[in-house]
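Those sequence lines, one after another, are chains A and B.
For the record, in the first sequence the residue sitting at position 184 is 183 according to numbering that gives the first Met the number 0, with numbers rising by one throughout.
For the record, in the second sequence the residue sitting at position 334 is 333 according to numbering that gives the first Met the number 0, with numbers rising by one throughout.
Hints are computed from structural coordinates only; laboratory data are not their basis.
Careful, some of the hints might be misleading.
Pairwise CB distance ranges (calculated) [to be verified]:
hint, chain 1, residue 1, chain 2, residue 2, range
1, A, Glu113, B, Val187, 19 to 25 Å
2, A, Ile92, B, Arg190, 34 to 40 Å
3, A, Lys121, B, Trp28, 20 to 26 Å
4, B, Ala30, A, His98, 25 to 31 Å
5, A, Lys121, B, Leu111, 27 to 33 Å
Some chain B residues flagged as far from chain A (calculated, every beta-carbon gap over 12 Å) [stated by the list, open to error]:
hint, residue
6, Gly9
7, Ile23
8, Phe119
9, Leu133
10, Ala149
11, Arg156
12, Phe196
13, His220
14, Ala284
15, Tyr295
16, Val308
17, Ile315
18, Gln329
Computed from a predicted model, the values in this text were never measured in an experiment.
Just so you know, even glycine gets a beta-carbon here, dropped at the ideal spot from N, CA and C.
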Amino acid sequence: MNQIKTSAPVLSTRGLDKSFGSLVVAKDIEIELPQGVRYALIGPNGAGKTTLINLMTGMLRPDSGQILLGGEDITALDPEARVRRGLIRTFQINSLFPHLTPLEAVTLAVCEREGISRTWWKPVWTYHDALDEAYDILKSLMLAAVCHRQTRELAYGQQRLLEIALALATKPKVLLLDEPAAGVPREESAELFTAITSLSQDITVLFIEHDMNLVFRLASRIIVMVGGRILVEGTPAEISADPRVREVYLGGAAHV
Amino acid sequence: MTSTSAALAGPHEHLRAQDRWRAIEVVFWLATLLPFLVTPNYLSLASQVAITALFALSLDLILGYAGIVSLGHAAFFGFGAYAAGILSKHGWGEPLSGLLFAGIAAGLLGYLMSFIIARFRHLALIMITLGFGLLLLEAANSAGWLTGGADGLQGVRMWPLLGMFRFDLYGFTAYWYSLILLFLLFLVSRRLINSPFGLSLRGIRENSTRMRAIGAESRAHIRKIYTISAAMAGIAGGLLTQTTETVSLGVLDFQRSADILVILVLGGAGRLYGGLIGAIIFLVARDQFSGINPQYWYFPIGVLLVVVVLFLPGGILGGLAQITGSERFQRMVRPLMVWRGKSP
Ligand SMILES: Nc1ncnc2c1ncn2[C@@H]1O[C@H](COP(=O)(O)OP(=O)(O)O)[C@@H](O)[C@H]1O
Ligand SMILES: [Mg+2]
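Using the sequences plus the hints, can you model the full thing?
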């Protein structure tokens, strides 16, 4: 643990603030994600978790504060530039390519990463390496059997897996997963989380998840957010023992 | 059945199979030669169809594939038409280089325009392209010294094609010239949409937010396809000038932008052949109906458009694809396939 903590953080935020009108959705957010760590971000609905991912990936601009990736200030970069530096997200609500097949979609991501997608005079199928890579990613997420179906025809759980497949195709250094199992029945979410646990240790992962069993099983550290603020950050043991967290989750108003 | 065997053969085999020429495509292109034999009196109409098909194809690349709406695509068609006409009027009547000139001129205009286009979507795009089209029409109208204004551009004289083939009154040369260009640019488009670049265009159409999240260079892609599409529309316009040896303000008219959109939607956007089929139906219908009642020929087209949009959201080609892809149709044709020894 100490070893991990002393290594320079891959992704960090400094004093991030964001409000929508009078609604404060991020207040003085300070996060440091060390290399290879598995971080869970939890908190009641509306706490600002998705907003935080939007801020980190550049889909929203912070009112103030900084975001650093590998020591570089990326606050001013647009989302595409952040992706090219290895900061990747998935979406809480499926954001896929309905009329592309999974193979096409993942190949598209690989081609964009490799700069192949500027080529317009050679057919896609001649790029065997890109296609093989895409196929392997789909296989590792148990999507090989449906890789030629249109995405909109896939089962919901498979679409959630494709969310992750698309992210992996960009070769992330830091992967931000926004409720990867949202809407997937508990019996079926096992596949998803096996996929997440078996991700390479080179990838730093921050995931939002409501199922506490999963959070405690998968995360090495946990951040608890409430009302746009970080309430507490610590190991699963520390978090489960923290009276303030118990207050939020057992206190009544908020739902898990 | 096909998907499992393709999956075994490797992921690229399946995509490769989609890229192959189908029998129906070969039949289609052979059929484009029929006017020479069957309706030699209609070769002028046939070349109008080929030119309009090329124009529709250019719109399909941006609208059908990249999802970029345009209500002002006649701007590029008209720009190419005037470029070709003005070049010829000033003494250079060689058709092929004239067409190249028209394509480059329109492509350049498209390139400049693409910087604005790449920043907008949906309604804003419709308004911008519409406004741009009107602007260009007014500019051509007032620049009478260059364009001939409302009288049209006079004095366009084309030299024989390749130094040998005169543009005859029957439209014989006009049709094969237009047809060959349509075919060549169709081949280019077919290549393009099956390429990695084409895949990215479809990604932009399907979900531009996700494209950002995978780090795609969407804006660069949009600029590129818009330039290509504009150049192609310009070549279509240039063809019209060269085959009719006149240019009127009509080439820039809003009506032309609207018609080409109707043609593409009728035929089926995002299918490459949609604009071609749409152009055939639209122009043949106009030719037939306007003979009966010149004022109201839009009536049947309007009805057809409403019916297609209501019942065949993929256009006529989309509807056909649905029928031929259905279980019932497959059951019907399977015996034929067995007979030809093509079934498992
Ligand atoms: N674009 C937006 N405009 C205004 N309010 C927003 C916007 N996005 C999110 N919100 C609000 O910000 C709060 C935090 O939302 P969100 O980050 O999605 O929460 P979480 O992901 O933790 O459930 C919610 O109250 C939500 O309604
Ligand atoms: Mg959320």
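Each hint tested on the structure:
A C-beta distance of roughly 24 Å is found between glutamate 113 of chain A and valine 187 of chain B, which places it inside the suggested range of 19 to 25 Å. Distance hint check for isoleucine 92 of chain A and arginine 190 of chain B: the Cβ-Cβ separation is about 36 Å, which falls inside the suggested range of 34 to 40 Å. Our hint of 20 to 26 Å for lysine 121 of chain A and tryptophan 28 of chain B holds, since their Cβ atoms are close to 23 Å apart. A hinted range of 25 to 31 Å for the beta carbons of alanine 30 of chain B and histidine 98 of chain A is consistent with their spacing of about 29 Å.
As the Cβ distance of lysine 121 of chain A to leucine 111 of chain B is approximately 28 Å, the hint placing it in 27 to 33 Å holds. Under the 12 Å C-beta cut-off, the non-interface status given to glycine 9 of chain B relative to chain A is violated; the minimum distance is some 8 Å. For isoleucine 23 of chain B, the non-interface assignment is confirmed: its Cβ lies about 20 Å from the closest Cβ of chain A, beyond the 12 Å cut-off. Distance to chain A confirms phenylalanine 119 of chain B as a non-interface residue, since its nearest Cβ pair spans about 17 Å, more than 12 Å.
Every C-beta of chain A lies more than 12 Å from that of leucine 133 of chain B, the closest at about 31 Å, which supports listing it as non-interface. With a closest Cβ-Cβ approach of about 40 Å to chain A, alanine 149 of chain B is found to remain outside the 12 Å limit, as its non-interface label requires. Listed as outside the interface, arginine 156 of chain B is consistent with that label: its C-beta sits roughly 36 Å from the nearest C-beta of chain A, beyond the 12 Å cut-off. Residue placement check: phenylalanine 196 of chain B does not keep its beta carbon more than 12 Å from all beta carbons of chain A (closest about 4 Å).
The non-interface label for histidine 220 of chain B is inconsistent with chain A: the shortest C-beta to C-beta separation is roughly 7 Å, within 12 Å. The claim that alanine 284 of chain B lies off the interface holds: its Cβ sits roughly 30 Å from the closest Cβ of chain A, which is beyond the 12 Å cut-off. With a minimum CB-CB distance of about 38 Å to chain A, tyrosine 295 of chain B clears the 12 Å threshold, and the non-interface call stands. With a least CB separation of 18 Å from chain A, valine 308 of chain B remains clear of the 12 Å interface cut-off, as annotated.
No Cβ of chain A approaches the Cβ of isoleucine 315 of chain B within 12 Å, the least distance being about 19 Å, so the stated non-interface status holds. With a least CB separation of 17 Å from chain A, glutamine 329 of chain B remains clear of the 12 Å interface cut-off, as annotated.
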